[in-house]
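Q: Spelled out from the first residue to the last, the chains are:
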Amino acid sequence: KNEVEQSPQNLTAQEGEFITINCSYSVGISALHWLQQHPGGGIVSLFMLSSGKKKHGRLIATINIQEKHSSLHITASHPRDSAVYICAVRLIQGAQKLVFGQGTRLTINP
Amino acid sequence: DAGVIQSPRHEVTEMGQEVTLRCKPISGHDYLFWYRQTMMRGLELLIYFNNNVPIDDSGMPEDRFSAKMPNASFSTLKIQPSEPRDSAVYFCASSLASLFNEQYFGPGTRLTVT
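Chain order of the listed sequences is A and B.
If you use the working numbering, the first sequence closes out at 110, no skipped numbers anywhere.
If you use the working numbering, the second sequence closes out at 224, no skipped numbers anywhere.
Simulated from the structure, these hints should not be mistaken for lab results.
Glycine included, each C-beta is placed from N, C-alpha and C at the ideal position.
There's no promise every hint is true.
As the list claims (entries may be wrong) - Below are the DSBU-like pairs computed for lysine-lysine, each with C-alpha atoms no more than 35 Å apart in a straight line:
#1 188(B) / 55(A)
#2 188(B) / 178(B)
#3 68(A) / 55(A)
#4 134(B) / 178(B)
#5 134(B) / 188(B)
#6 54(A) / 68(A)
#7 53(A) / 68(A)
#8 134(B) / 53(A)
#9 188(B) / 54(A)
Said to hold, decoys possible - Selected chain B positions facing chain A (in silico; Cβ < 7 Å):
#10 152
#11 155
#12 161
#13 212
#14 215
#15 217
#16 218
#17 223
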């Protein structure tokens with residue numbers, strides 16, 4: 001079992017829909033990161049969370065440390081939100097390297 | 111700022127050849143990261159530097175891989191000798207202050223080893 005699991009792996013929705021992408025992890029962490037990878041391959045950092053909730057525009061990220069779960073929400077989705085969304089965690093123990101989920105491929109149709 | 115700069119953007123080489131990937135971080139950033147992305151394994155951290163010093167290289171797959179950061183504005187990732195299984199997209203990223211502040215990614219180098 002991977003240390004970081006994302007669901008769903010693929011998600012297709014219509015423009016305007018509310019989107020939720022989930023990330024669960026099985027190890028202790030100090031923080032969690034959401035990344036966006038555009039169809040052209042570029043990667044952009046969206047959020048870094050250690051507790052609670054963060055909002056940026058139409059994007060909202062939440063984390064529940066006790067439940068070892070984070071969600072990324074997109075309100076009023078738009079075709080330009082189509083991308084792969086990647087969750088990454090920073091482990092408390094070990095070498096403190098980042099461990100990545102496999103990503104969720106989101107497609108928003110007009 | 112121009113962002114993180116990587117070169118080359120694409121590299122095609124034959125098995126056994128030496129490959130050198132280059133990265134220029136954002137000026138003033140004191141952390142630099144090298145990542146590899148493949149379809150099978152996703153995104154993996156290979157190594158990261160703080161103030162030009164390698165901090166964690168536990169993600170480097172084997173001795174054929176080496177990374178250096180001779181100064182604050184330049185880093186290289188070298189594969190010698192290259193193998194077909196090294197084919198991947200290699201990303202460089204930089205950040206301020208800590209491993210887990212926002213990281214700024216370069217455009218990546220797509221490496222194909224035939």
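Q: List in ascending order the numbers of the hints, as given earlier, that are violated by the structure.
A: Violated hints (numbers, rising): 1, 9, 12, 17; every other hint is consistent with the structure.
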